[in-house]
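Take a look at the letters that make up each chain.
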Amino acid sequence: MKTDELIAALAADTKTVSRPIDRQLWIAIAGGAIVATLIFLLGVGPRPDIAAALETPRFLYKYLLTLTLFASAVGLMLHLARPGAVPAGWLAGLAIPPVLLIASVIAEILLVPSSAWSMSLMGKNAVVCLVLIPLLSAAPLAAVMWTLRDGAPTHPMLAGAVAGLAAAGIGATLYATHCQDDSPFFVAAWYGLAIMIVTVVGAFLGARLLRW
Amino acid sequence: MAQVTREEEWSALMRAAIDGDEAAYRQLLESLSHGLRAATRRGFVQAGAAPNDVEDVVQETLLALHLKRHTWDSSQLLGPWVRAIARHKLIDALRRRGRRIEVPIDTMLDFLAAEETADDLDRQDAARLVKELRGRQQVIVRAISIEGKSIREVAENLEMNEGAVRVALHRGLKTLAAMHRKDHE
Numbered sequence: 042m043k044t045d046e047l048i049a050a051l052a053a054d055t056k057t058v059s060r061p062i063d064r065q066l067w068i069a070i071a072g073g074a075i076v077a078t079l080i081f082l083l084g085v086g087p088r089p090d091i092a093a094a095l096e097t098p099r100f101l102y103k104y105l106l107t108l109t110l111f112a113s114a115v116g117l118m119l120h121l122a123r124p125g126a127v128p129a130g131w132l133a134g135l136a137i138p139p140v141l142l143i144a145s146v147i148a149e150i151l152l153v154p155s156s157a158w159s160m161s162l163m164g165k166n167a168v169v170c171l172v173l174i175p176l177l178s179a180a181p182l183a184a185v186m187w188t189l190r191d192g193a194p195t196h197p198m199l200a201g202a203v204a205g206l207a208a209a210g211i212g213a214t215l216y217a218t219h220c221q222d223d224s225p226f227f228v229a230a231w232y233g234l235a236i237m238i239v240t241v242v243g244a245f246l247g248a249r250l251l252r253w
Numbered sequence: 809m810a811q812v813t814r815e816e817e818w819s820a821l822m823r824a825a826i827d828g829d830e831a832a833y834r835q836l837l838e839s840l841s842h843g844l845r846a847a848t849r850r851g852f853v854q855a856g857a858a859p860n861d862v863e864d865v866v867q868e869t870l871l872a873l874h875l876k877r878h879t880w881d882s883s884q885l886l887g888p889w890v891r892a893i894a895r896h897k898l899i900d901a902l903r904r905r906g907r908r909i910e911v912p913i914d915t916m917l918d919f920l921a922a923e924e925t926a927d928d929l930d931r932q933d934a935a936r937l938v939k940e941l942r943g944r945q946q947v948i949v950r951a952i953s954i955e956g957k958s959i960r961e962v963a964e965n966l967e968m969n970e971g972a973v974r975v976a977l978h979r980g981l982k983t984l985a986a987m988h989r990k991d992h993e
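Sequence lines, in order, name chains A and B.
For the first sequence, this note's numbering gives the first residue as 42, with consecutive numbering after it.
For the second sequence, this note's numbering gives the first residue as 809, with consecutive numbering after it.
Some hints could be false.
What the hints assert, rightly or not - Derived DSS-like pairs: lysine-lysine, alpha-carbon spacing no greater than 25 Å straight-line:
| # | chain 1 | residue 1 | chain 2 | residue 2 |
| --- | --- | --- | --- | --- |
| 1 | A | Lys56 | A | Lys43 |
| 2 | A | Lys43 | B | Lys990 |
| 3 | B | Lys939 | B | Lys990 |
| 4 | A | Lys43 | B | Lys939 |
| 5 | B | Lys957 | A | Lys43 |
| 6 | B | Lys939 | B | Lys957 |
| 7 | B | Lys957 | A | Lys56 |
| 8 | B | Lys982 | A | Lys56 |
| 9 | B | Lys982 | A | Lys43 |
| 10 | B | Lys982 | B | Lys939 |
Derived by calculation from the structure, the hints in this document are not laboratory data.
When you get a sec, could you build the whole thing from the sequences and use the hints?
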């Protein structure tokens, strides 16, 4: 086949163009978040003292962390889905949640007596946290990964890892509603580990599934 | 200045193509293929790879541009997006041929101005790939590309409806792109 002949075939295929990739990704995120929320409502549920918790800054701070994680990861992912250089600004944006987390850990060190540290760190539900965050992240990760296959990421492993972070942002936000451990120590250790698990899975899948 | 207006013209052609303008799309792909050929050839030379399947990589890149055109942000110029895909495909093609190299970005920067026409000897690979398409897909891709038939003519000849021909053509092109990727591995 000559190149001109290939061009004739491509031109005949003009009308089968997919929806813009960013719109597809938003649909995947919304779909994944809805499924994860249903799993949460049917199988997990909010903590019993949720009304009181919503008035405490330590509980609300968990949402600040998980939602900034979600926002920064999604913003970067929308760029990584397209070919080209990794946008430095969005890459730097990924540092916002860890910085906020470290700030809260320092505050905790200053405010809480050291005798209570180990209890704050271990909390009540460390294992549940490690299981539920990946579980609640699974549907968003699957939906986003599937959609990224229709994208054109020139850094497949990075795109997969950032998709994992975005999905973990959804999973961790839902889990935070259930979790009764609000200490930044606990969040740093266990949420951090759980989010890392989802990110590694995303990177692994990205390296395998997102080549084009 | 010529470069700037040309870039804008390309962006306008792609916008028209995404709205369904077949003639604009053909004009754009023809225009891009000359520069892609020059850049790919230069990349092969820089990597010390034999240039005898440059045309194969040009075709693989055109297929990628086609199948991924919804990843272009239409508020931006088209050129940088084309360069990023061309560079990705060139590096990938060289790697599969056992050449692990960094393609300098400037190889892609000025290629758009270049003009280079196809060499008839360069396309055995591509012809072989079409032969590997299955049944209907091969018949339809061959009829529309090599025989230059329209969708309607193919539909009449094969007694299919036009929608089914379009679907088969699209699947055939996707399969071709996947075969390029697996080739040389």
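**Request:** Find the hints from earlier in the document that the structure breaks and name them by number, from lowest to highest.
**Result:** Per hint list: zero violations.
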